[in-house]
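Chain A is already provided as a structure; the job is to place chain B on it using the hints.
Quick note, the sequences are listed as chains A and B, same order. Just so we're aligned, residue 0 is where the first sequence starts under numbering that gives the first Met the number 0, counting upward by one. Just so we're aligned, residue 0 is where the second sequence starts under numbering that gives the first Met the number 0, counting upward by one.
Mixed in with the good hints there might be a few duds.
Straight-line Cα separation of at most 30 Å, BS3-like style, residue types lysine-lysine; simulated pairs [what the hints assert, rightly or not]:
id	chain 1	residue 1	chain 2	residue 2
1	B	96	B	205
2	A	28	B	120
3	A	70	B	30
4	B	30	B	120
A few chain A positions that, by computed beta-carbon distances, are all more than 10 Å from chain B [unchecked claim]:
id	residue
5	1
6	2
7	10
8	26
9	32
10	33
11	35
12	40
13	47
14	50
15	71
DEER-style ranges, computed between Cβ atoms [what the hints assert, rightly or not]:
id	chain 1	residue 1	chain 2	residue 2	range
16	B	200	A	17	30 to 40 Å
17	A	28	B	171	55 to 65 Å
18	B	69	A	17	49 to 59 Å
19	B	78	A	62	19 to 29 Å
20	B	144	A	32	12 to 22 Å
21	B	212	A	62	29 to 39 Å
These are computed hints drawn from the structure, not numbers from a lab. For every residue, glycine included, the Cβ atom is placed at its ideal position computed from N, Cα and C.
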Amino acid sequence: MELNEFVQNFGQEFDETPIDIFTPETVFKDIEEWGSLTALSIIAMVDETMEARITGADIRSSDTIQDLYIKIISK
Amino acid sequence: MGNPFSLQGKTVLVTGASSGLGASTAIECSKVGATLIITGRNSERLNDTFEQLEGKDHIQIPLDLLNMTNLDEFVKNLSTLDGIALCAGITKTIPVKFISADNIDEIFQTNIFSSMQLIQKLLKQKKINKGGSIVFISSISTSYADKGNAVYAASKGAMNSFSKVVALELSGQKITSNCIQPGFVPSRMLIDGIVTEEQLEEERKKYPLGFGEPSDIANGIIYLLSDAAKWVTGSVLTIDGGVTLR
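The following block holds chain A by itself, in its conformation from the complex (with noise of 0.2 Å):
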């Protein structure tokens, strides 16, 4: 998956934040609607979509969307 692709699913698991707002340079902790069930969510967004199993720890770890990115491509 490319990474635009993949700002694009990270921004569709929120409800109130507009998508377009989500680039690979969004510090995604910053985003008031970001919360436990927001990580839950791209956890699971990223089982399903890219088959890579992501920690609570590789969301924490991670700044920024393109951050999360590059730990999946590389596990």
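Using the frame of chain A, we list chain B on its own:
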């Protein structure tokens, strides 16, 4: 009079004994005199449990409860039982948005459908002795909601309801059926998942008595299997270090 909390002379079947609460339950039951029949999917880890059992005449049978042909065969060859501790189970964190027919099926098959079918077969083949006990390992999640836990919680809620009807139907034979609802006990099943050390620490703070150990749950199971609990049936015993108090 002997100790009413002892399992001396009782034959107890423990499912899911290859890891976590099941393994601990089998070991603790052996310490209070039970003769164990232990099953689990992973034969290597089941053997680890088996080697830790105290006393003699125990039996280990690697078994996938979801395989009906094997289950039929297993029940047919089984001696009669005084107790059954149903510890086989899986957990999966899935937000409701991501539920699928596949993951619902996987969780329900392992957590409750397999136990229902095992109980059915044991009863049909008259393998549970008069005065026997059935103990289901449920979860506080049945009423203590946590995000991502919907399917798991629903499977355990089904278990609580199932146990009560079993209790009523078997009362004529003085067979009891009860559930234990454990709080979070750090075990392999959970630690292998997505929980980090920091999250674990945060979770610990919610528990007035701190986290429990597998033996804290196993001791509750021993009570329900023992003669001390012969008048306890259809109940749901919460053992959770006080986490659901608030």
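These are the hints, each one checked on the structure:
1. B:96 x B:205: Given that 30 Å is the threshold and the Cα spacing comes to 27 Å, the pair holds.
2. A:28 x B:120: At roughly 52 Å apart (the allowed maximum being 30 Å), residue 120 (chain B) and residue 28 (chain A) break the hint.
3. A:70 x B:30: violated, 47 Å
4. B:30 x B:120: Measuring from Cα to Cα gives roughly 28 Å; hence the hint holds.
5. 1: holds, 22 Å
6. 2: Given a closest Cβ separation of 22 Å, the condition holds.
7. 10: holds, 14 Å
8. 26: About 19 Å separates residue 26 (chain A) from the closest Cβ of chain B, which puts it past 10 Å; holds.
9. 32: Per Cβ check, residue 32 (chain A) is outside 10 Å of chain B; nearest 14 Å; holds.
10. 33: holds, 13 Å
11. 35: Contrary to the label, residue 35 (chain A) does not stay out of reach of chain B, its closest Cβ about 6 Å off (not over 10 Å).
12. 40: Non-interface label fails for residue 40 (chain A): nearest chain B Cβ at 5 Å, not farther than 10 Å.
13. 47: Contrary to the label, residue 47 (chain A) does not stay out of reach of chain B, its closest Cβ about 7 Å off (not over 10 Å).
14. 50: Holds, since 14 Å exceeds 10 Å.
15. 71: Given a closest Cβ separation of 14 Å, the condition holds.
16. B:200 x A:17: 30 to 40 Å: holds, 35 Å
17. A:28 x B:171: 55 to 65 Å: holds, 59 Å
18. B:69 x A:17: 49 to 59 Å: holds, 54 Å
19. B:78 x A:62: 19 to 29 Å: Since residue 78 (chain B) and residue 62 (chain A) have Cβ atoms about 60 Å apart, the given range 19 to 29 Å is violated.
20. B:144 x A:32: 12 to 22 Å: Given about 20 Å between the Cβ atoms, the range holds.
21. B:212 x A:62: 29 to 39 Å: holds, 37 Å
Comparing the model with each numbered hint stated earlier shows that hints 2, 3, 11, 12, 13, 19 do not hold.
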